[in-house]
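Asks: In case you want the letters, here they are:
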Amino acid sequence: MKELAGRLTAVDPDAGAAVRVISYFDRLAEARAGLEALVRGAAVLAGCPARLADTARAVRVRVEPDGTRKESWTPPDPDWPCAPLEPGGPPALWLERSGTGPSVVDAVILERAAGAVRLVLDRIRGRAPAAPADDPALVEALLDGTVAERTRLHAARRLGVDPADPAVRLRALAPLGGRPRVLTCRAGGRPADAELPAGRVGVGPAVPILDLPGSWHAARTALRFTAEGTARDPGPRVVYADELGGIVLLADLVPSGAEPPPDVRAVEAAAAVPGLLATLHAVAATPSQRAAAAEINVHHSTLQDRLNQAEHLLGWPLRTPQGRLRLQLALIMRHLARP
Amino acid sequence: MTLVPPPFDPELAGALELIKDMIQPGLTMDEIDLVRQEPGIELLAQLDLTADGFFKVEDRTVPGPENAPDVSLLICRPVAEPTAGPRPVFYHVHGGGMIIGNNRVGVEVPLTWAKELDAVVVSVEYRLAPEHPHPAPVEDVYAGLVWTAEHAAELGGDPERIVIAGASAGGGLSAALALLTRDRRGPRPIGQMLMCPMLDDRNDTPSAHQMAGLGVWDRTANETGWTALLGAARGGPDVSPYAAPARAEDLGGLPPAFLDVGSAETFRDEVVAYASRIWQAGGVAELHVWPGGFHGFDGFAPQAALSQAARAAHLDWLRRLLG
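Chains as they are written, first to last, in the working numbering: chain P, 4 to 342; chain A, 61 to 383.
Read the hints as simulated data drawn from the structure, not as lab findings.
Here are the simulated distance ranges between beta carbons: (1) A:117 <-> P:103: 32 to 38 Å; (2) A:210 <-> P:276: 47 to 53 Å; (3) P:195 <-> A:123: 56 to 62 Å; (4) A:86 <-> P:103: 35 to 41 Å; (5) A:140 <-> P:80: 34 to 40 Å; (6) A:210 <-> P:26: 50 to 56 Å; (7) P:69 <-> A:313: 39 to 45 Å; (8) A:116 <-> P:268: 43 to 49 Å; (9) P:22 <-> A:98: 18 to 24 Å; (10) A:248 <-> P:323: 38 to 44 Å; (11) P:271 <-> A:248: 52 to 58 Å; (12) P:308 <-> A:190: 55 to 61 Å; (13) A:312 <-> P:308: 46 to 52 Å; (14) P:33 <-> A:146: 47 to 53 Å.
We put the beta carbon where it would ideally sit given N, CA and C, even for glycine.
So here's chain P without its partners, still in its complex pose:
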């Protein structure tokens, strides 16, 4: 498809290409393709990443032009061509392409893809119950342990959660800079990526309704362990409180905004060298040096050079279990000490 997509845009940007785009999305719609396939179609035909983000329905899909799904939620560039799902609605589908000016083919891709996405959303959201609605006042009541139990159960019911069902479990979510959210989770499982808000998120444990204040507290703690997931701030964008284990104890020992411990200052000094912070994170977060080299796309020998340099700057070894643990703790404390 890549070659063909190239031909589409290069050969006849107006008539022929538009017809092909239309028949492509028509076939996808006929075959009842899902959201990812539709967003992938837009990315492949346009030759740039495409994203679908519909906050109201908690749907997020982003696909690279090579067809791989990749979540990377920088804010949309105002230059990007985009389309709403409903006429007059907010933009929900973007082609991540800047500075090329309006193109007829892009417009046709967006229009056809958005139409097909709308049909799928109507189909799947009409069948499956949506996540609890995001009424801020109701969510706030659920998360506040000082609110009377009866009021909290009532709020749950209003949000579409059945307090009489003993199997019902919910998780509190703490997005950075956003308002709190609550997700029902099936059989205690983890939410799908599309259900989570963009950016850094702490996820509380799955609990019965009345234990949500505890889940919320844990989610906010977990948020402190998150990172942007970029080269400048490597680390997990989403952290589950119930996966931290004993590491959570560090949260109390290193308060936010505190004077960073010496190992964190050493890491900060090393981070001034371009690429070194990502290297340190890769070494700490992957099971082997081979995997670490693959993670940051460098050759094994380059990784060794960087490790030598990092060990020199940090003053402790990185190729021993103890050294790796010390590095992991330093990277975690670095996040915790942020203001």
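Based on these hints, arrange chain A on the given structure of chain P.
Replies: Below, chain A alone, put in the same frame as chain P:
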């Protein structure tokens, strides 16, 4: 017997829509010359063989079969010095229905493996039917493998770790090559990767009938390819297993096989049967049937979810095979 074809995977149905002007399901003998001139499958051959400088690329001419012209090998090996001794070798046989293509077609697939697994790729050129009927293609492929095994060290390759691989006609020729090397006590590849392989000249399975006129490489096209290779002998009692591996009576003693095929293609039933017969002969095979896949779907639509899954399965198998 029902003739309702299984539906194409949604994304692949869309992809077929995009390529329908260039790739038609059928192909007759009269159209072979025309197809050879079209961009069609050659589109798949346009790529940077060095993969951004990762490989050094050369074409070598090596001795062909007895009393036959030399054979041309495309050799791509990593520029970097090997870190762990001689590298595995992927010996690639291109597709094209026995009648079209060259050793660039489809080579991006083994190149991707080689980049991931630090291996050498050798892709063999072979004479095409109908100008050169059986056994010319498979003998060229065999001669290229003999040279590769004997000169592996020269290429930084390990003669004990050669995996033969091909898609479509290249898969069929790879399967035939596995039979030939077994029977002639020639080089012993450690694995055979048969991607949607063309195995059976009889062209008479339920899937061949079911998919007539649909997708890519339907029953008419398949008859054209086999007739080009075998002439009037096609489908008759005297077809060599080295031409059509499905004809082999003994599938024992073969190297471990990976086979895959789409559920919506002519070759589905012959590939499934071939895998079953390898197991029945006490052999090792891994079989994937990709639901709603048309012939060669992962090459034509590499971005589709099903294609990504198929390509991941190829790599996983190689990783396990090579340890």
